[in-house]
Amino acid sequence: MNWTLALPEIALACAGLVILLVGVIPGRNTFFGCTMAVIGALLLAAVLVLGQPEGTALGGLYVADAFSGFMKILALLGAALGLVLALDFNRRESLDRFEFPVLALFATTGMMVMVSANDLMAVYMGLELLSLPLYVIAAFDRDNGRSAEAGLKYFVLGALASGLLLYGVSLVYGFAGTTNFDRLADVFSGNGGVPAGVVVGLVFVVAGLIFKVSAVPFHMWTPDVYEGAPTPVTAFFAAAPKVAAVALLARVLLGPFGDLAAQWQQVIILASLGSMLLGAFAAVGQRNIKRLMAYSSIGHVGYALMGLAVVSDEGLRGLAIYMLIYMLMNIGTFAILVGMRRRGRAVERIEDLAGLGGTDLGRALWMTVFMFSMAGIPPLAGFFGKLYVFLAAVQGGFWTLAVVGVLTSVVSAYYYLRIVKVMFFDEAPAEGGLDATTPGLAAVTATTGIFNLVFCLYPAPLLLAAGLAAAALLG
Amino acid sequence: MYVGAIFFPLLGATISGFLGRWIGDRAAQWSTVVCMALAAACGILAFIETVMGNGATTVRIATWMNVGGLEVAWALRYDTIAAVMVMMVTFVSTLIHLYSVGYMSHDATIPRFFAYLSLFTFMMLMLVTADNLAQLFFGWEGVGLASYLLIGYWYEKESANAAAMKAFIVNRVGDLFFMLGIALTFHVFGSIEFDVIFAAVPQHLDTAFLGVPALELVAVLLFLGACGKSAQIGLHTWLPDAMEGPTPVSALIHAATMVTAGVFLVCRMSPIFEYAPTALAIVTFVGATTAFFAATIGCVQNDIKRVIAYSTCSQLGYMFFAAGVGAYQVAMFHLFTHAFFKALLFLGAGSVIHAMSDEQDIRRMGGIWRKIPVTYGVMWVGSLALAGIPFFAGYYSKDAILEAAFAAHSAVGMYAFVCGMAAAVLTAFYSWRLLILTFHGAPRADHHTMEHVHESPAVMLLPLLVLAAGAIGAGWLFYPSFIGAGEHAFWAGSIHNAEHNHVLHDMHEVPAWVPIAPAVAGAVGILTAYVMYMFAPAVPAMLATRLRGLYLFLLNKWYFDELYDRILVRPTLATARVFWKTGDARIIDGMPNGAAALVAEASRGAVRLQTGRVANYAFTMIIGLVIFVSLFLTGLAR
Amino acid sequence: MITAAAFYIFAFVLIAAATMVVTSRNPVHSVLFLILAFFNAAALMLIAGAEFLAMILVIVYVGAVAVLFLFVVMMLDIDFARLREGFQRYLPIGGVVGLILLLELALVIGTWTTATEASDLRLAPNPGGGVSNTKALGQILYTDYVYLFQIAGLVLLVAMIGAIVLTHRRRPGTKRQDVAAQIARSGSVNLEQVPTGVGIGELGIRRPTLPEAPKPKQVEHADHHGGHH
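Line by line, the protein sequences give chains A, B and C. Using our numbering, read the first sequence as starting at 82 and increasing by one per residue. Using our numbering, read the second sequence as starting at 8 and increasing by one per residue. Using our numbering, read the third sequence as starting at 158 and increasing by one per residue.
For the record, the hints were derived by calculation from the structure and aren't laboratory data. Owing to the predicted nature of the structure, the values given are computational and were not obtained by experimental measurement.
Computed, partial: chain C to chain A, Cβ under 10 Å:
| no. | residue |
| --- | --- |
| 1 | I266 |
| 2 | T268 |
| 3 | W269 |
| 4 | A272 |
| 5 | Q307 |
| 6 | L311 |
| 7 | L314 |
Below, a list of computed lysine to any residue pairs in the SDA-like style, where the Cα atoms sit at most 25 Å apart:
| no. | chain 1 | residue 1 | chain 2 | residue 2 |
| --- | --- | --- | --- | --- |
| 8 | C | K332 | A | N110 |
| 9 | C | K292 | A | N261 |
| 10 | C | K292 | A | G258 |
| 11 | C | K292 | A | G141 |
| 12 | C | K292 | A | G140 |
| 13 | A | K502 | B | V606 |
| 14 | B | K164 | B | A362 |
| 15 | C | K332 | A | R178 |
| 16 | B | K173 | B | Y566 |
| 17 | C | K292 | C | L203 |
| 18 | B | K164 | B | I360 |
| 19 | C | K292 | A | T259 |
| 20 | C | K332 | A | I106 |
| 21 | C | K332 | A | D224 |
| 22 | C | K292 | A | A138 |
| 23 | B | K173 | B | Y571 |
| 24 | A | K502 | B | R611 |
| 25 | B | K173 | B | I574 |
Beta carbons: idealized from backbone N, C-alpha and C, even for Gly.
Starting from the given sequences, assemble the full structure and let the hints guide the process.
Written out as structure tokens, the structure reads:
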């Protein structure tokens, strides 16, 4: 049985139950305490992940290797930082109910299950455990029509995607006779032809997963949900779940279906191209900064998928490092967006940033760092993320991908730089600058900002870890 | 120890730069001084260890980047050439830090100054201990940045800002060639690690790039990069302007260390230069021309620091043509001795400026030698060393350079020898012109200033005396090991001399008059200066009016700045204006259907898909799914 | 023979009922047809020898889920005419897309091959060795797939938390019984002589004066305690 291998997940889930119990009993508001406890539990889980041995467990449903370790650490870190962002925002918007961190914790458990899945059933269960809390926290601001709408839309479309995934899983099971990754890989590595049913089932599975990473053409929910959900929730969405979903996609495609690469490659290339193009072009006309970030994240997923599409060690390493950098850029940016308030009210238009360079130079400079990093301007971290996937694409001979990637990053640089321009060259509105930020947000901003700045100086250990993760998956 | 020599300055810079506000000025400045002293101790120990102990080592710190076949590491390469530089840089920098404690005592932002100074030292050390071209370039840009910050240190001064910008931009021109050189190196050798490159040089002797021998091209590009940093003719214009920075900065950056980075680069890359005869000829020619050209300008300048700046320029020319004729060891030797006496001269000049209440024009000095005897003494020592008077440091190295040029037995070698001899006379001449005008004669400053003339405090004099000792003894002490009998064992292969290169041997067998000639030239220059400025003060004025054209030509620095203004700056501005007027205003703004509008159009189209209706979204998903399934099935059919 | 006949009868009724669930206009009828479909499915399971599953299906789905559906359907006022509006509009293109998907799936199903041991497996639902149906199911659920079972538990827990978070409200006006407060209340009930024959219009409604001022607040506080879930 060897259940101790899954200790991080078990510990996290148990911690969730305890926190739920403890949070519900006292009469007063336990939001702060619960959030802190959840962050502590997430970090504890991260430590456990670090000390996790490799192997499969729980009847072959669970696998732990360097790849799962890397991605889990990312997801846990992203979730913890995302909760820090929520601390102050939720209190001010009176969303400070202790269920919020608990739901985030269960979502994170779902992510870990996904990343460690070694069976299509585990994939599905992990995905559901991730999705359900996300639906709820998207609608967390239930008295706000937009938030409720975001939750409902996400739920309906997510259910559709889950249905597609489940249908695909059953097709694969029907034609291949198993759902276990190792045995699936054995089935496909035989030199007999692959049944058409498996291939079509795989498409459905891929469709269900691509929905979660919000790549074209399953991206439609993203802008609406990002805009409608409360800002810290959007930050949470954009970071940890995306990492987990990309990791899961990579594991499913390269693990059991690795020998079918010739078939699914086309689809991933198409999704990557579409995402890069849509992410670049649709964001140009946006006025709401959260919506803009939604399109930006679609674009970034396109770049990350490029690393998957080339099916090589370098590509996968590029993907891992890209997700790391993407997550930290995004958390940093959202740390600033969450703190966007004017006279106590949250604002979220791009024009609201006008004149920030004059009123709060520090914040404007950090935002500039993040925007430059997102645009991929050297020597910031975002440049290296793009560099590694582009290099992998060029080495693999995927010139179209690389060229489109470069062109779209030029286009996307336009709207990132527009934000910088608005901050520094536009007049601050008459009602005054933005309110001062809070220490928690400032700390997150500074931490992620410094990471973006100094990544270029000493990327070696992270590259090494990403390389190990890639090697673990490609064997 | 090896690591300490490099990273103590960084520690000092960090303490002073980030904590300076809390720990106060005094603590900040002394922490950098202590860190530098520790670094110097480490540097000297490392030098002894490298030269006399277990030879060259490489300290690997970490892998920096690993991008598609290009693997670059942070590593400290300690061979003799690096150890010499580390020792020299840390030692001189320590003295200059100490000196700055006195010189900058009235400044408002002392921690900032010391942080910059230590940061510069760190970057310079990074440069000289680099194990590969990328790290060298990191240090190269780093010293450029620190130099920019220090030149513009008094940023409220318009001229300081302009000078800083100029230094930065002119250096960028050089850096462009340097980067091209690195890229070409990577293209040719497939690596930018020194070990790999040097080992692979023999295989690439016949490799051609665009029809030109690749090694030649690499060497020329790297040399052009070096020209920018080392202020060789053409790219020298920033150096005199850089004197806007505080004087210790001029001493450290624009005399002893940074400007010699170009010479260091050529010597470091000697395995490549050795097999690029054309490039070496270019190096020799440019170096010799600069030596002469800068010396001529030095003769008519009136700003005490500018005179020394042109002198630096000229001495760098000497180093380059020494390297150009294949005598890299001699170039390094001159670099080493020059660091001592030029830092001494600058710091002495700083002491004079300090005494004269920030007056820099030598026409308004004079008659102060009794009031500041120690400064006067060390200036003499520095000038004697600079002029190459026997048994001072400069004598050994300059003599060796001219012998090497003579012994090269080539046309450019001879040209270099002639230029060098002429420059030697001029050097001695302007040095004594400076000495006499500054210290002798009737006081030309107003009496208010004269009353305040005072000797500098001990914290400034101590470095001066140490450097003076160096200017006297460094040549004699190190001559045998640098270029004498022990040269081969000393350098231990860190400088490569090809088999056809016998210049180090030949230079000891030149005709008897050659070794004496530089000293004679120096004496002639000194005598001329005495005649013209001490005994017959009317002569210079008469010459200036008689030879008005020549005088103006020299005074205006051969019209280099005007030339650049005419052929580069103005056309660039004009073109920019044209582009702005027609390009930007008419084409970009005037064509709303341009690329920007296209993007906007595409954006609107993409946004229109986003209707907000869940049914549409679900429908899009299903269509996408159908497309994917069809794609798969057709892929399967293939 | 009889087994086969029973199978076909139940299977036919099941499919017919399922079709009616989707097509019937009255939602209540739909749910009733659903219950019929459940019953038939249970019967099919009985034929296959999975008696435990059959019973569970009847108890859980018919007894709980379907009845809940019935409640919900009756409580909600669903306007089917409006729901069909969009259906009409998207019919042409939707039909084309659906058709393509259907064809592709038909193509896929066409390649179906049955494993040789399939028929044996189908007729032997139990692992053998005297292991009962229930035990075999338990073996799978609680031993082989305990990991997934636990995750499913978490999913359900999350669903519950979500439902509470999104719908539970503490309305300010609601009054609850607070036994402790009632018992603690003393001396507030007293007899009072009211003049007879006087109308309420003159006297007004007489209320007992509250003994302590913070009383309402205390009630609310107590409410906080009890009413979290």
